[in-house]
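Could you put the whole structure together from the sequences, leaning on the hints where they help?
Protein chains: 2
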Amino acid sequence: MGTEALVRRIGYEFKDPALLRRALTHRSYGMPHNERLEFLGDSVLSCAIATHLYHLHTRVQEGDLSRMRAHLVKELTLSEIASSLNLGDCLKLGEGELKSGGFRRPSILADTLEAIIGAVYLDGGFASAEQMIARLFEPLMKGLDPKTLGKDPKTLLQEYLQGRKLPLPSYTVLSISGEAHEQHFEVECAIPDLGVRACGGGVSRRSAEQQAAGSVMQILNSEG
Amino acid sequence: MGTEALVRRIGYEFKDPALLRRALTHRSYGMPHNERLEFLGDSVLSCAIATHLYHLHTRVQEGDLSRMRAHLVKELTLSEIASSLNLGDCLKLGEGELKSGGFRRPSILADTLEAIIGAVYLDGGFASAEQMIARLFEPLMKGLDPKTLGKDPKTLLQEYLQGRKLPLPSYTVLSISGEAHEQHFEVECAIPDLGVRACGGGVSRRSAEQQAAGSVMQILNSEG
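Heads up: the protein sequence lines correspond to chains A and B, in order. 1 is the number of the first residue of the first sequence in full-length UniProt numbering; add one for each residue after it. 1 is the number of the first residue of the second sequence in full-length UniProt numbering; add one for each residue after it.
For the record, the hints were derived by calculation from the structure and aren't laboratory data. Any given hint could be a false lead.
Identical chains blur together in the list; that is why a pair holds if it fits in one copy or across any two.
[Unchecked claim] Heads up, simulated DSBU-like pairs for lysine-lysine below, C-alpha to C-alpha not over 35 angstroms straight-line:
| no. | residue 1 | residue 2 |
| --- | --- | --- |
| 1 | Lys165 | Lys142 |
| 2 | Lys151 | Lys74 |
| 3 | Lys165 | Lys151 |
| 4 | Lys165 | Lys74 |
| 5 | Lys147 | Lys165 |
| 6 | Lys142 | Lys15 |
| 7 | Lys15 | Lys147 |
| 8 | Lys74 | Lys99 |
| 9 | Lys147 | Lys92 |
| 10 | Lys74 | Lys147 |
| 11 | Lys15 | Lys92 |
Just so it is clear, the structure is predicted and the values come from calculations on it, not from any experiment.
Right, dumping it as structure tokens:
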């Protein structure tokens, strides 16, 4: 796929198309690659997101603003936005990365999105980068709740229970299945005092626990 | 002291002077304080410094750029710039902080400088903040060497020795003096293979070791 579709999706037309080509070039492909643009884009993104959060949440204090920003600029969020732009189709990767599926690796996708932000910033200035970031991130920003965001389900569950002076939940591994390189964990999270329990699954014990804690939180929230 | 002198030193005249007052107000003084401005200023500073380093060092890779930026935005650097602006004289602090000397605490000075940057950004836009940052940081930025910067003396000494396949230096505490809350350490750093040794002092063992390593590096560099 060419980059025309990408240009339409990001909504920014480059004066210097070489900048976009560089932003799409992973270091495995050779020079000039996108790492310096990524350095720049990372801080432009952080600044633009901070600005939007500052104006969107006029009564939220610094700690919560920081946690919201951290959630919005973390690798997972960036790689999801990159996927929604089909960035993987436009990447220039070296042989090895191509064969190992680098075009769908979250870290590469996230870094490339930052590099594109850096390229737009160099090409069109801070305002252009800020506008593109607003378009890409606004749906996510509006959905954020400063009170819960950035906190994982286990933390939220723990805070919920501590607020009610209840004992902490217990987590029990129910099963581990699959080969060593792609194991699957099933974990149960239980709150005996409330008679609530739920299961969760994941590729690690930690992620299964988070899933299970999230399900328990859903039960507790739906019970009011 | 009023803020007129500060305005002259930072070289930016506020359209909305209330923003500068807020930037100078520590949370111990009461609302509205400067923490949200500090959140904003922190990321504006990071972005402006990244931009300057990107253009100043056209062949330096991302890792070295990141280390240079980290050095420029760290608390010590910010508090030194804040001191050179006599920021401490303009701070609004609560009783407790006033009595305990908060106006010269590095963390408070550094945070206040970030808050001022955030205030200039809100008042005059990114370009105004960037210009002020350039004025305040340019002398420091020009003095940076991407090869050594951000590395502490112990790391530099270790790299020097490893590059020559020599054994690592030895550090020996020579003395510890003073009361528990203000101890002074004297440490010797020795490179037996080169017949070089030097002493260093500091308020912690670590800082004394860094001092000693720095003195050894000076001897080695002066010997060519």
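Each hint tested on the structure:
1. Lys165 x Lys142: The answer is within: 32 angstroms in one copy meets 35 angstroms, while 56 angstroms across copies does not.
2. Lys151 x Lys74: both (13 angstroms within a copy, 27 angstroms between copies)
3. Lys165 x Lys151: within (20 angstroms within a copy, 48 angstroms between copies)
4. Lys165 x Lys74: within (33 angstroms within a copy, 40 angstroms between copies)
5. Lys147 x Lys165: Within one copy only: 19 angstroms inside a chain, 54 angstroms across chains, cut-off 35 angstroms.
6. Lys142 x Lys15: both (31 angstroms within a copy, 30 angstroms between copies)
7. Lys15 x Lys147: Between copies, since 34 angstroms is at most 35 angstroms while 42 angstroms is not.
8. Lys74 x Lys99: The answer is within: 26 angstroms in one copy meets 35 angstroms, while 41 angstroms across copies does not.
9. Lys147 x Lys92: between (40 angstroms within a copy, 29 angstroms between copies)
10. Lys74 x Lys147: both (18 angstroms within a copy, 29 angstroms between copies)
11. Lys15 x Lys92: within (21 angstroms within a copy, 47 angstroms between copies)
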